[in-house]
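**Q** One letter stands for each residue in the lines below.
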Amino acid sequence: METSYETIVIGGGVVGNGIAYHLSERYKEGVLVLDKKYPMSGTSGSTQAWVWVHNKTPSWYAEFNMYSAELYPYLSKKIGDVEYKRTGGLSPFFNESDREKAKQLAESYRKIGIKIKVLSRDEVLKKEPSINPEVAGATYSSIDGNVNPFRLIDMYMRAAKKNSVHYSTYNKVTAIQKYEGKYIVVSDMETYVCKNLILAGGTWTRELGGMLGINIPVNQLRGQILVSEPLKPFLNYTISGLRQANNGEVLMGYSMEKAGFNRATTLDVIQETANMAVHYVPSLRKAKVVRAFSGIRAMPEDGFPILGKIPGFENLFVAATHSGVTLSPLIGTLMTELLVDGETSIPIDRYSISRFN
Amino acid sequence: MLDKTTIICRCEEISYEEIEEVIDQGARTFDDVKRLTRCGMGPCQAKICTNLVANIIHEQTGRPLHKIPLPRMRMPLSPIKLETLTTDSTSFSAVKSVLDEVELEDGKVR
Ligand SMILES: Cc1cc2nc3c(=O)[nH]c(=O)nc-3n(C[C@H](O)[C@H](O)[C@H](O)COP(=O)(O)OP(=O)(O)OC[C@H]3O[C@@H](n4cnc5c(N)ncnc54)[C@H](O)[C@@H]3O)c2cc1C
Ligand code: FES
Numbered sequence: 001m002e003t004s005y006e007t008i009v010i011g012g013g014v015v016g017n018g019i020a021y022h023l024s025e026r027y028k029e030g031v032l033v034l035d036k037k038y039p040m041s042g043t044s045g046s047t048q049a050w051v052w053v054h055n056k057t058p059s060w061y062a063e064f065n066m067y068s069a070e071l072y073p074y075l076s077k078k079i080g081d082v083e084y085k086r087t088g089g090l091s092p093f094f095n096e097s098d099r100e101k102a103k104q105l106a107e108s109y110r111k112i113g114i115k116i117k118v119l120s121r122d123e124v125l126k127k128e129p130s131i132n133p134e135v136a137g138a139t140y141s142s143i144d145g146n147v148n149p150f151r152l153i154d155m156y157m158r159a160a161k162k163n164s165v166h167y168s169t170y171n172k173v174t175a176i177q178k179y180e181g182k183y184i185v186v187s188d189m190e191t192y193v194c195k196n197l198i199l200a201g202g203t204w205t206r207e208l209g210g211m212l213g214i215n216i217p218v219n220q221l222r223g224q225i226l227v228s229e230p231l232k233p234f235l236n237y238t239i240s241g242l243r244q245a246n247n248g249e250v251l252m253g254y255s256m257e258k259a260g261f262n263r264a265t266t267l268d269v270i271q272e273t274a275n276m277a278v279h280y281v282p283s284l285r286k287a288k289v290v291r292a293f294s295g296i297r298a299m300p301e302d303g304f305p306i307l308g309k310i311p312g313f314e315n316l317f318v319a320a321t322h323s324g325v326t327l328s329p330l331i332g333t334l335m336t337e338l339l340v341d342g343e344t345s346i347p348i349d350r351y352s353i354s355r356f357n
Numbered sequence: 001m002l003d004k005t006t007i008i009c010r011c012e013e014i015s016y017e018e019i020e021e022v023i024d025q026g027a028r029t030f031d032d033v034k035r036l037t038r039c040g041m042g043p044c045q046a047k048i049c050t051n052l053v054a055n056i057i058h059e060q061t062g063r064p065l066h067k068i069p070l071p072r073m074r075m076p077l078s079p080i081k082l083e084t085l086t087t088d089s090t091s092f093s094a095v096k097s098v099l100d101e102v103e104l105e106d107g108k109v110r
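One line per chain: the protein sequences are A and B, in this order. Start counting the first sequence at 1; every next residue gets the next number (our numbering). Start counting the second sequence at 1; every next residue gets the next number (our numbering).
Do not rely on the hints blindly, as some may be mistaken.
What the hints assert, rightly or not - Computed list of lysine to aspartate or glutamate pairs in EDC-like fashion (alpha-carbon distance at most 16 Å, straight line):
1) Lys101/A <-> Asp100/B
2) Lys108/B <-> Glu107/A
3) Lys103/A <-> Asp106/B
4) Lys103/A <-> Glu103/B
5) Lys161/A <-> Glu21/B
6) Lys108/B <-> Glu100/A
7) Lys81/B <-> Glu249/A
8) Lys96/B <-> Glu257/A
9) Lys101/A <-> Glu105/B
10) Lys96/B <-> Glu249/A
11) Lys37/A <-> Asp24/B
12) Lys101/A <-> Glu101/B
What the hints assert, rightly or not - So the derived label-pair ranges between C-beta atoms look like this:
13) Gln60/B <-> Met189/A: 16 to 22 Å
14) Thr5/B <-> Ser354/A: 53 to 59 Å
15) Glu21/B <-> Gln271/A: 38 to 44 Å
No lab work stands behind these hints: they were computed from the structure. Predicted model, so just to flag it, every value in this text is computed and none were measured. Even glycine gets a Cβ: it sits at the ideal position worked out from N, Cα and C.
Given only the sequences and the hints, what does the whole structure look like? Please build it.
**A** Here you go:
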């Protein structure tokens, strides 16, 4: 069993796997991905998986998300069908008073080249006839869509393995030490040595940082989702709050609660989610719910991704963020550039961990 | 011993062979197999296929059956209409709207 690697990625979610796959395009050996369970068991397996740009603020952060959404069609060509669909995204509002805010949003995005339309009630209903006729309007952007997160990880892994990336799953990292310019990574099954170490442990990244005495300020934010039985295709767009998957299931939910690492689903949030869903799309009343699940977002303290080098630790990198599905191809691309070329094609200084000092 | 083409998950039409393949990829629990193949996501919500899959994992990996975790059981245990879950409440606390999250500063988007 090999124990010496050029680069080790800790965490095999959409973020860690996105990095591993993109790295494997540039160098063909010496990459190991470690995961304490099987990838998808973390947050990447319990997500809405919208590839979502519009409504993100400030506009520079929306721009960052847009670059990633732009990469998706190429990614699908490279690694195979990940069921990415650029459906367009619709965010309905039910109070006329929100129209002004929607217009401000469209205006601030116009400057960076993201087109958002503010739709009238009739325009919304024409686009998405199933929406509640009480709707006042919606913001709309054609860049938004969604992807199948399980397919995404599976295809990343298959492509990365083809390019000689090694995986060790059900193998938890328990300690990390720095020793003579290298990192020693102790796990349940083995002790590894590497030059470059990438911390991509999602909502557990604070714990990984702690192993080296580094504070990575990532907190937990739970989200709960309801899944309907497969329905015949009837939703045209990714609606902020619900979407219909390829197999006809509707995934409903956009909730946030502080509940630590507790992945329970709770009746109060399930009820609120049901209320939201039937408020947006009344015909869902009669749809049957077959599943509920919850996931724990990694939420950096100021809400923005933590990406890049960790100052004071040579060859140590971090990538921890919410919206990881949307950002995965871009984070994979940029982290690869950082490792291989020493600089990135799009500046990521803004996302440096040093901002927390 | 089951034939490779035997359907293990009838709802999602997943064969023995497909399950064997993902165990080969590293899947070790029912939930791993489910995420990789959709086995267990059908209308019966894994009632029919759970034990069959556990047996295959046991056969392939030699892991004792009692050490193979059961799928996470979640509400609702059997399908119910969404309207059964709705309430009269019109206020939201945990559930957000993305537009509400857009912050304005001096009347402009931040
Ligand atoms: C309800 C919900 C809805 C969401 N909706 C969207 C959306 O619509 N669009 C979007 O872009 N994002 C969405 N997100 C966020 C998105 O799902 C996450 O940002 C993304 O999945 C994070 O990926 P990750 O790879 O960082 O984390 P994870 O998938 O959690 O991966 C981290 C991995 O690290 C491993 N790990 C941790 N510690 C160790 C250790 N010590 N040793 C070894 N391995 C370890 C874990 O096992 C895990 O597999 C949503 C999240 C939730 C909860
Ligand atoms: S048989 Fe597998 S979900 Fe029904």
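**Q** When the structure is checked against the list of hints, which entries are broken? Sort them ascending.
**A** 10
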